[in-house]
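Undergrad: Next come the chains, spelled out residue by residue.
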Amino acid sequence: MIRIWSWGALIIGMIYFILPLVGMTEFSLSMRRGEYSFDAYAVVLSDSQFQATFSYSVIMALFTIVFGVLLVVPTAYWVRLRMPELRPYVEFITLLPLVIPAIVVVFGYIRLYNTSSWLPMTGTALGTNILLMFGYATLSLPYMYRAVDTGLRAVDVGTLTEAAQSLGASWVTILARIILPNVLAAVLSGAFLTFAIVMGEFTMAALLDRPAFGPYMQLLGANRAYEPSALAVIAFAITWACMGLIQLVTRFTKHTRAQT
Amino acid sequence: MAFLEISHLDKSFGANRVVKDFNLSVEQGEFVSLLGPSGCGKTTVLRMVAGFETPSSGNIAIDGRDVVNLRPNQRNIGMVFQAYALFPNLTVAQNVAFGLKVAGRAKAETAARVTEMLALIGLPDLADRYPFQLSGGQQQRVALARALAVQPHLLLLDEPLSALDAKIRASLRTEIREIQQRLGITTVFVTHDQEEALSMSDRIVVMNGGMADQIGTPFEIYNRPRTRFVAGFVGTLSRFEAVVKDPAKGAVSLGKQTITLDQQIDAAAGARVTLALRPEAAHLGRFNGCDVILPGKIAEVHFMGSVIRIKADVDGQLMSLDTFNRAETPPPRIGTEVEISLAARDFIVLSA
Amino acid sequence: MAGMTSLRRFAPLRWLGMVPFFAFTFLFLILPTLYIVFGAFRTPQGAFTFDNILALNTPSIRSAYWVSIKVSFMSALLGCLIGFAMAAAVTVGRLPRGVRNPLVTFSGVASNFAGVPLAFAFIATIGPAGLITAYLRTEWGINLRLLGFNLLSTKGLILTYLFFQIPLMILIITPALDGLKREWREAAAILGASGFQYWRSVALPILFPSILGTLALLFANAFGAVATAIALTGPSLNIAPILLYAQIRGDVLGSPNLGYALAFGMIVITGLANTVYIWLRARSERWLK
Ligand SMILES: Nc1ncnc2c1ncn2[C@@H]1O[C@H](COP(=O)(O)OP(=O)(O)OP(=O)(O)O)[C@@H](O)[C@H]1O
Ligand SMILES: [Mg+2]
Chain A
1 MIRIWSWGAL
11 IIGMIYFILP
21 LVGMTEFSLS
31 MRRGEYSFDA
41 YAVVLSDSQF
51 QATFSYSVIM
61 ALFTIVFGVL
71 LVVPTAYWVR
81 LRMPELRPYV
91 EFITLLPLVI
101 PAIVVVFGYI
111 RLYNTSSWLP
121 MTGTALGTNI
131 LLMFGYATLS
141 LPYMYRAVDT
151 GLRAVDVGTL
161 TEAAQSLGAS
171 WVTILARIIL
181 PNVLAAVLSG
191 AFLTFAIVMG
201 EFTMAALLDR
211 PAFGPYMQLL
221 GANRAYEPSA
231 LAVIAFAITW
241 ACMGLIQLVT
251 RFTKHTRAQT
Chain B
1001 MAFLEISHLD
1011 KSFGANRVVK
1021 DFNLSVEQGE
1031 FVSLLGPSGC
1041 GKTTVLRMVA
1051 GFETPSSGNI
1061 AIDGRDVVNL
1071 RPNQRNIGMV
1081 FQAYALFPNL
1091 TVAQNVAFGL
1101 KVAGRAKAET
1111 AARVTEMLAL
1121 IGLPDLADRY
1131 PFQLSGGQQQ
1141 RVALARALAV
1151 QPHLLLLDEP
1161 LSALDAKIRA
1171 SLRTEIREIQ
1181 QRLGITTVFV
1191 THDQEEALSM
1201 SDRIVVMNGG
1211 MADQIGTPFE
1221 IYNRPRTRFV
1231 AGFVGTLSRF
1241 EAVVKDPAKG
1251 AVSLGKQTIT
1261 LDQQIDAAAG
1271 ARVTLALRPE
1281 AAHLGRFNGC
1291 DVILPGKIAE
1301 VHFMGSVIRI
1311 KADVDGQLMS
1321 LDTFNRAETP
1331 PPRIGTEVEI
1341 SLAARDFIVL
1351 SA
Chain C
2001 MAGMTSLRRF
2011 APLRWLGMVP
2021 FFAFTFLFLI
2031 LPTLYIVFGA
2041 FRTPQGAFTF
2051 DNILALNTPS
2061 IRSAYWVSIK
2071 VSFMSALLGC
2081 LIGFAMAAAV
2091 TVGRLPRGVR
2101 NPLVTFSGVA
2111 SNFAGVPLAF
2121 AFIATIGPAG
2131 LITAYLRTEW
2141 GINLRLLGFN
2151 LLSTKGLILT
2161 YLFFQIPLMI
2171 LIITPALDGL
2181 KREWREAAAI
2191 LGASGFQYWR
2201 SVALPILFPS
2211 ILGTLALLFA
2221 NAFGAVATAI
2231 ALTGPSLNIA
2241 PILLYAQIRG
2251 DVLGSPNLGY
2261 ALAFGMIVIT
2271 GLANTVYIWL
2281 RARSERWLK
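Protein chains in written order, with our numbering: chain A, 1 to 260; chain B, 1001 to 1352; chain C, 2001 to 2289.
It is worth saying that the hints were derived from the structure and are not from the lab.
There's no promise every hint is true.
As the list claims (entries may be wrong) - Not the full set, but computed from the structure, chain A residues with beta-carbon under 8 Å of chain C:
1. Ser-6
2. Gly-13
3. Leu-19
4. Pro-84
5. Leu-86
6. Pro-88
7. Val-104
8. Pro-211
Stated by the list, open to error - Some, not all, of what chain C presents toward chain B, calculated at C-beta under 10 Å:
9. Glu-2186
10. Val-2202
11. Pro-2205
Unchecked claim - A few chain A residues that don't get close to chain C, going by computed Cβ distances all over 12 Å:
12. Ile-4
13. Ala-42
14. Asp-47
15. Ser-48
16. Leu-62
17. Leu-184
18. Trp-240
Treat the numbers as computed from the prediction; the structure is a model and nothing was measured.
Where is the CB? At the ideal position from N, CA and C, for every residue including glycine.
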């Protein structure tokens, strides 16, 4: 009886999830009349705009990841090791991006860091890129922080640090050589998630007027029929790849942990 | 017909046969313990009685009624789990009242019953606490009250004391037994702690590998273990290899001596048998009423307070013996040559 | 230990480690938000005023907020219900073990498959020329549009949002369902409770804080979603985030400070949802430390 209900809930749910995926795939293959073809993909992939925005977003994602790791790992480590009393506050702040809509934050950026302000970041392309990267970093902050903090919980930070200190290691050495490798799986999980978020992000890039992948997709969607579906399939593949890599990394480290 | 009648009970998980032809009759009001090492199937037997597992084959009857096909909530059984299992979102009073509430009893009746139960377990003031505000011992008492509140006719306890520390364990042991006797409720108690089983039970079932090795009163189990397993699992024993000389007369040769046990031996002459001896049956020096004297050499001395446990080397085999501490006699030194006296009738012959 | 005490003596040094984090979050998360909040109460000249807030009270802006709240709440509620049902099915629903991990993995993917491409997927499926729309029309003669369904409407928006709301609920509630101890269910059963009584008196109250928290999170999640809505309906649908988007791009409201007020209103609503959640949770968690 219970089992029938369970199957029912699961199957109905899965139908809801699978239909749009089938729909977009089917549509993306239907550019040529009467037969399936990869024409839509060919058009998209050879579009110079696609190439430009895609690589722009990839580079932004990589920078965001590096910045996020440099910001989050030392902070999470320091909070665990030396400032546990700050934990609730730091956690609260890292969760804020889930509550404050991104569009509000970027609105603040535009007004706060425009050309006539005290920190005119939007004045140059480089400055705007950095601002956008900061925006992406706040978006991924909740995930990055939680991933790293969970990773740190699994290793005994205090003991590792004391052991390293007793051997005369400096803070930088401790972080780079001891802590980071031990939370590498967590950091990578956070990194792949950040990658997925940045690749699909629309609002911030559009409002800061940067040539990113998200706004490009939107623009194409407004003007074309089949290409958007091809883009959706590509975006879905990227998301799937990122999540797959996260699974892989977690499984791999579980494996090595079990061995030691 | 006994109150709880378990016959030919079998349970397999896949290819793993966990309970094998298990038989047990528990009389009305009796306190029976299932004792055995970890993984021997005690919990599985209990869970089949409760209705959480379905037997692969065999029968379970409570009060003359076959219950195998009844769901747990139709069996009128009380159960206490090892990990307390109090509902964390309910207060102590609400936990105790739970069974009465779902049975749709009147509010006033429920309240009175809760008060009565909390008085029974000696925690009348904690009615409004939440489980996380209680110590482990208090939680387990509340769990007992919750199980008893619905007046079940059978009480099942699955290692209720094993998560508690030693002091509370001992006091709760007597408390549970007292409550059980006051209410006269038929009880099956699972434990892997022999002391618990010996001190609380009317009868003990020693389980090994899914089977009941021996069923008997604590006195029988301790003094007349029937199998090597029971002998080894319950209490401490010294073992001696002996050769049967005359099975009818009970004569065996042990080292250079021949001793006559006051029982017949179920083995042919010339066969090797294992004799076992409780540490309290052996004495240092010559002792009244002992007919066997073995030479030995002190190998280990463990001072445990009121008791001193000594291990002596007898003919190359280690033998445990307990003596009471006496302020005027210090324990013997290691290496001292001694005589050990014992009575031949205290030997236990282990068959299997 | 030596390092610890020496660091304790130089307390400021301990704080030094926190400077990058606090500086970053202050400058790029909190300050921009505060700037908007204060801007909502200022005239363009910088004087204090309530006019911007009062100016929100036009039929069009009121309706934008109202539609947003409706869409967010409905998608959050449905997401919670359906996500809960699916998570319960794979945790306590006696399904084979093998279905659980694939579902959780898939949820991880689907919850991150939001924004523009998600809208494309739905347009390709049940948009005016979508797969299902066409199939129903040609094979069954059913015209969804005539039946009152239109993807480019609030209903369509809710349907689309569910694609990331349901998986998010699954991801959050599955561990909570795992936290339900088997002994609780068994203790309830042996005390005579039916499955329904167990869920009502024990399991749901225990899960209540997690469910509420997810509801608030899903609400905020949908409320701030700009990309999906824009890609799905273009700038035409009158909901708060799209209105704000248009205002930022082109000052459609004709007053920058009215834009601040609009954004402030959004923060207030998501903030309120979370306050309600925190309050309810504190009430329901008296039994937790
Ligand atoms: N649901 C199950 N599925 C498969 N095997 C099980 C299941 N429950 C118990 N077993 C196996 O059955 C055997 C007996 O388990 P049981 O829990 O009855 O032991 P026990 O005597 O209660 O041990 P302990 O003292 O550790 O509680 C064990 O080997 C266990 O692994
Ligand atoms: Mg057990």
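Undergrad: For the hint on Val-104/A, just tell me whether its beta-carbon gets within less than 8 Å of chain C.
TA: holds (5 Å)
Undergrad: Would the least Cβ to Cβ distance between Leu-62/A and chain C come out above 12 Å?
TA: holds (18 Å)
Undergrad: Given Glu-2186/C was flagged as interface, is its beta-carbon under 10 Å from a beta-carbon of chain B?
TA: This interface hint holds because 6 Å falls under the 10 Å limit.
Undergrad: Examine each Cβ of chain C, and state whether all of them lie more than 12 Å from the Cβ of Ala-42/A.
TA: holds (18 Å)
Undergrad: Take the shortest C-beta to C-beta distance between Leu-86/A and chain C; is it under 8 Å?
TA: Status holds, d = 7 Å.
Undergrad: For Leu-184/A, is the shortest CB-to-CB distance to chain C above 12 Å, so the non-interface label stands?
TA: holds (19 Å)
Undergrad: Would you settle whether the hint for Pro-211/A is holds or violated, based on the nearest Cβ-Cβ distance to chain C being less than 8 Å?
TA: At 15 Å from the nearest chain C Cβ, Pro-211/A fails the 8 Å test, so the hint is violated.
Undergrad: Run the C-beta distances from Ile-4/A to all of chain C and say if the shortest one exceeds 12 Å.
TA: violated (10 Å)
Undergrad: Was Trp-240/A rightly flagged as not at the interface, with every chain C Cβ beyond 12 Å?
TA: violated (5 Å)
Undergrad: Confirm or reject: Ser-48/A is not an interface residue toward chain C, with every Cβ-Cβ distance exceeding 12 Å.
TA: holds (20 Å)
Undergrad: Given Leu-19/A as an interface hint, is its Cβ closer than 8 Å to any Cβ of chain C?
TA: Interface hint status for Leu-19/A: holds (6 Å vs cutoff 8 Å).
Undergrad: Quick check for students: does the CB of Asp-47/A sit more than 12 Å from each CB in chain C?
TA: holds (16 Å)
This entry does not satisfy hints 4, 6, 8, 12 and 18, going by the numbered hints stated previously.
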